[in-house]
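Q: Residue numbers (the working numbering), protein chains in the order written: chain A, 1 to 607; chain B, 1 to 607.
Careful, some of the hints might be misleading.
What the hints assert, rightly or not - Here are the simulated DSS-like cross-link-like pairs (lysine-lysine), alpha carbons at most 27 Å apart as the crow flies: (1) B:K573 - A:K568; (2) A:K573 - B:K354; (3) A:K573 - B:K573.
What the hints assert, rightly or not - Just a sample of chain B residues kept apart from chain A, beta carbon distances all over 12 Å, derived: (4) A9; (5) Q73; (6) V96; (7) A148; (8) D202; (9) E289; (10) A389; (11) T461; (12) R471; (13) M480; (14) E504; (15) F550; (16) F592.
Bear in mind the hints are in silico, worked out from the structure with no lab data behind them. Beta carbons are placed, not taken as given, at the ideal position from N, Cα and C, and that holds for glycine.
Number of protein chains: 2
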Amino acid sequence: MDRRQAIEAVRAMLADNGADAIIIPSNDCHFGEYVPDYFKVRGWLSGFDGSAGTLVVTSSEAALWTDSRYFIQAARQIEGTGIALMKLKVAGTPSVAQWLHSQNVAKVLVDGDLFSRQEFVSLARELAPAALQAVDDPFRKIWEGRPALVCKPIVNMPESISGRSVADKCAAVAGKLACNGRFACIISACDEIMWLCNLRGDDIEYNPVALSYCVLTEDRLHLFCHLDCLTAQARTYLESQKVELHEYGAFRDFLRGIDPSVTRICQSSSINVNNWSAAFASVPEAEVEGRFKEDPTPGGSVAWLRSRKNSVELAGFRNAFINDGIAWVKLLKFIDENLPSGKLNEYLIAEKLKEFRSECPDYLGESFEPIVAWNANAASAHYSVTCEADAAKINPYGFLLMDTGAHYPYGTTDTTRTLMLSERNDFTGRSDRLLQQMRDDYTLVLKGMIDLATAVFPSGTRGSQLDILARGPMYPTGKMYYHGTSHGIGHHLCVHEAPQIRMEESPLVIDEGMVLSDEPAIYIEGQYGIRTENVITVVPFAENSYGKFFKFDTMTLVPIDIRPVNFKLLTHKEEQWLYTYNEHVYETLKPFLTKQEALWLWRKTTV
Amino acid sequence: MDRRQAIEAVRAMLADNGADAIIIPSNDCHFGEYVPDYFKVRGWLSGFDGSAGTLVVTSSEAALWTDSRYFIQAARQIEGTGIALMKLKVAGTPSVAQWLHSQNVAKVLVDGDLFSRQEFVSLARELAPAALQAVDDPFRKIWEGRPALVCKPIVNMPESISGRSVADKCAAVAGKLACNGRFACIISACDEIMWLCNLRGDDIEYNPVALSYCVLTEDRLHLFCHLDCLTAQARTYLESQKVELHEYGAFRDFLRGIDPSVTRICQSSSINVNNWSAAFASVPEAEVEGRFKEDPTPGGSVAWLRSRKNSVELAGFRNAFINDGIAWVKLLKFIDENLPSGKLNEYLIAEKLKEFRSECPDYLGESFEPIVAWNANAASAHYSVTCEADAAKINPYGFLLMDTGAHYPYGTTDTTRTLMLSERNDFTGRSDRLLQQMRDDYTLVLKGMIDLATAVFPSGTRGSQLDILARGPMYPTGKMYYHGTSHGIGHHLCVHEAPQIRMEESPLVIDEGMVLSDEPAIYIEGQYGIRTENVITVVPFAENSYGKFFKFDTMTLVPIDIRPVNFKLLTHKEEQWLYTYNEHVYETLKPFLTKQEALWLWRKTTV
């Protein structure tokens with residue numbers, strides 16, 4: 001069945017349902033960052049496999065909305081399918097709702113598994129007077145050769161690593177929910193469930209999670225997962241914590257069976273609309289509002305608790321960063337020594353880092369697709385090469401940007417370093433002016449990274465208040481970056497978590513125990529990209545009549561390339577921080593390095 | 001009639017209305033910062049004359065809510081009235097609604113002139129099932145000897161000073177309102193009306209405004225004020241701009257007469273509920289929602305436009321700061337020379353500054369109650385002395401904090417300086433450690449002031465993102481201040497305007513032409529207060545593929561005391577800024593100073 005035939009099959013399905021159109025987003029039913037192949041309906045129908053895009057199919061037309069990152073790729077991938085490309089944020093591009101209005105549709109379908117309750121309500125409002133109907137997976141019957149759902153083993157993370165029992169976590173969540181009487185809190189995010197249940201899975205690339213749901217009631221935690229996948233040890237542990245186990249497929253029926261008098265608690269932005277309907281199936285229409293309580297914690301109670309890492313988790317992170325630091329040092333030495341050969345390329349370097357990481361028996365794999373990008377390639381923020389043939393050769397001089405991370409049983413890492421590489425350490429071959437600009441840009445990125453890492457701030461401070469510390473130093477050059485400054489990092493979980501430090505406002509405060517990235521950047525299109533990223537954690541600084549103050553402590557242990565620094569742009573304090581940091585990296589890693597490695601690192605970190 | 005009799009008269013009024021309680025806030029019907037005496041109902045009934053407090057009177061009880069600034073004063077002032085004191089933000093203090101619930105009230109009254117539509121709706125929700133009713137000024141008949149409404153002359157601000165015609169401003173406001181068809185935009189804030197109509201009044205202490213309302217329709221501006229007070233020139237100008245004039249008292253009838261089909265636009269937070277009711281009197285209940293449009297600009301369209309000062313207004317501000325700078329230099333020299341006499345006190349210094357300001361023929365008066373506070377007195381952020389008998393003597397050594405501002409026809413000023421004073425410039429008599437702490441605190445406040453003033457930031461930046469630049473330097477000492485960092489300043493208007501730079505989130509962005517204060521501070525209770533405040537304006541910095549960037553330009557021209565600075569705490573850039581600033585003050589003011597004054601200033605600003 002080719003793409004055109006598949007689209008015709010969707011149209012037949014629409015006709016069977018008396019509908020005029022269907023909207024297909026990029027989500028799965030848990031709204032995670034990475035989507036399992038099973039849910040990639042948009043890719044199956046359109047051929048477009050970028051991370052963000054919405055496909056709309058009507059009885060006679062089809063159109064795909066995507067953003068500027070994907071204009072070229074999408075146009076190429078949908079060629080010949082008859083699908084029109086709709087460029088988001090380009091003047092004249094209609095919204096999905098506007099376009100559907102222009103097509104005079106009366107009834108629009110969505111797969112209710114793939115829309116949150118919140119999205120569904122707002123979409124229904126936009127589409128009125130056309131009707132919006134959520135249906136149960138309408139592609140099941142028509143998608144031939146659909147990839148199966150992955151069901152990998154689900155293991156227990158022992159309390160010696162998680163630092164807290166499931167029973168304890170459940171009590172803490174219940175406290176945050178602040179609900180009197182009987183309640184059922186519905187949790188749909190797989191990474192929240194892994195944290196809550198002290199479990200780890202392997203169902204989604206780079207994300208150690210298992211497909212699962214949870215319902216927490218006033219006296220019990222119900223876990224829904226592929227029970228066959230649970231290891232015996234995990235099952236025993238869960239039973240000891242009084243977790244009631246259910247098959248993944250039994251979730252919706254469980255929701256339908258919740259007593260009408262029970263208060264349903266969830267985040268309407270994270271429950272899919274089919275599950276929402278099931279949860280309220282037994283509640284008379286007029287009483288739905290009275291039986292629903294939005295999770296009272298901004299960002300969700302589970303995510304809130306998870307973001308404040310406990311001391312055992314923090315100790316695990318520190319171990320992970322030692323492992324990772326050792327591998328990075330080996331890689332940096334390898335690059336240093338093999339640069340003159342002229343044989344280095346982006347792919348080789350990414351593979352080499354995996355190889356060095358693998359020397360640690362605890363290494364479990366990368367925490368995201370590694371980014372190793374040479375010069376102009378690094379100006380695209382999420383560039384990655386997947387085979388040697390596509391990889392750029394490292395051909396000095398220039399900037400080599402490397403952003404990679406790993407999972408260990410006790411922590412996840414995420415580090416970016418940018419190296420200025422040259423043959424024989426001379427920077428001939430380019431104009432002095434360009435070289436000066438490169439060094440200044442490198443220094444301003446570093447300055448922003450240091451200024452955030454050394455901040456002191458009072459309790460209650462939100463991420464948006466701290467953001468300018470990382471961005472401010474580059475503003476006087478008229479430069480900025482379009483991504484966030486910082487994201488939370490999972491404890492052997494997803495590398496991207498709440499909270500964030502970014503320009504946009506969010507009510508989330510930056511609080512003790514949080515583990516965050518610190519990654520300002522400068523990208524010059526067609527020339528180079530610079531990003532320096534450390535992971536920092538929030539620790540107490542002082543407590544007095546003004547309240548509590550916090551500071552950051554840096555966890556990452558990878559030396560920072562000093563060669564490109566223009567020291568005139570650093571304050572004395574920033575300069576001190578830089579030297580102290582590199583020295584600290586050397587002192588911490590030295591016991592784990594060979595004599596040659598230690599000597600190499602000493603040379604790089606001592607001035 | 002004493003207070004107890006007055007409260008009994010209110011109770012009789014409640015009985016006549018079949019009501020159980022009345023809530024009396026601190027507002028007037030325009031919700032300005034300063035309340036004319038005519039509206040001080042709470043003060044009349046309770047004796048408490050602080051700026052913030054809510055009095056509730058029931059048929060048998062009475063209670064006054066106020067915040068910690070006023071606990072002592074309020075307790076003293078309400079003694080013997082039978083009114084209970086309710087301490088806000090103290091554990092166990094009920095809210096007004098909670099307390100009224102405990103009193104089993106069924107019907108609660110408010111003067112609908114003193115509650116905004118927004119407050120009224122939320123209060124009604126809190127009080128349910130008790131009914132909340134807004135009535136028309138219920139105190140008119142019972143308040144004997146009520147102060148009259150002030151009606152001072154209303155003059156035209158010529159376009160040579162305002163820089164823009166009323167017709168132009170109206171067109172700009174209409175554009176922001178983005179309303180198709182017929183509309184009536186109701187404007188209640190007197191300072192917004194003064195700006196819109198190029199008028200200035202004198203009805204409220206320190207605020208050059210006249211009591212007034214406006215209604216802007218698609219083809220006309222209606223102004224409601226005391227017409228007798230309009231100067232002939234103002235009247236002629238308004239007529240030339242096609243402004244339709246109405247008596248202040250005719251406003252509510254005008255609202256009642258608006259055609260039912262017209263869209264009413266306002267900010268529900270700034271229209272009083274009686275006016276709201278009048279505006280919708282002719283609209284059938286079922287159509288009210290469809291006929292109302294909330295002002296689409298955050299903070300209000302008029303305030304948004306007013307906050308972006310035009311080039312003529314900015315030139316006026318610069319003139320005002322020259323006038324003010326000259327007076328300040330005379331004052332600083334006076335203090336310097338008269339310190340040894342031992343006769344200086346806080347009151348004398350405030351009076352002396354007024355005297356020096358009066359030497360400028362354009363001086364119109366102070367823009368707020370002057371703050372001149374010696375040592376511990378400065379630790380209360382809004383300390384002021386109103387007579388010589390209460391004034392502290394300046395008895396070196398220590399910190400003298402002076403925060404004062406003035407109105408000129410073409411601009412308003414607001415400046416704070418803190419001086420470290422000593423006899424014969426030696427700082428003996430206190431321990432070295434205290435002196436060091438005083439100098440460090442002074443330097444950190446200065447550092448924050450400079451760091452905000454020298455910021456560069458992209459278009460779209462909100463005040464809450466910039467706030468940490470001013471606060472950040474003091475955080476590592478575990479200190480902070482509880483007020484905002486910055487407020488907008490009116491152009492010969494109220495000294496406090498939107499937008500603000502503060503910790504709390506607000507959607508208002510900091511944009512070109514805005515005039516803002518920059519005033520970090522440290523207060524050590526019982527010891528001293530330090531605040532350094534300059535006024536800054538937003539100017540273009542760069543425009544490139546990332547968009548527009550802005551920076552600040554400092555307008556204030558008053559030398560900064562260098563003696564207490566601990567230069568070890570400043571970066572090279574901050575130090576440079578400080579010297580350059582003082583030099584700039586000297587160069588700019590020199591032509592306007594006597595030889596002796598110029599020489600004195602040269603000595604103080606040259607190192």
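Q: For every hint, state whether the structure bears it out.
A: Here is how each hint holds up against the structure:
| no. | hint | result |
| --- | --- | --- |
| 1 | B:K573 - A:K568 | 11 Å, holds |
| 2 | A:K573 - B:K354 | 44 Å, violated |
| 3 | A:K573 - B:K573 | 13 Å, holds |
| 4 | A9 | 44 Å, holds |
| 5 | Q73 | 22 Å, holds |
| 6 | V96 | 24 Å, holds |
| 7 | A148 | 46 Å, holds |
| 8 | D202 | 40 Å, holds |
| 9 | E289 | 15 Å, holds |
| 10 | A389 | 33 Å, holds |
| 11 | T461 | 8 Å, violated |
| 12 | R471 | 8 Å, violated |
| 13 | M480 | 5 Å, violated |
| 14 | E504 | 10 Å, violated |
| 15 | F550 | 9 Å, violated |
| 16 | F592 | 33 Å, holds |
The earlier numbered hints that this structure contradicts are 2, 11, 12, 13, 14 and 15.
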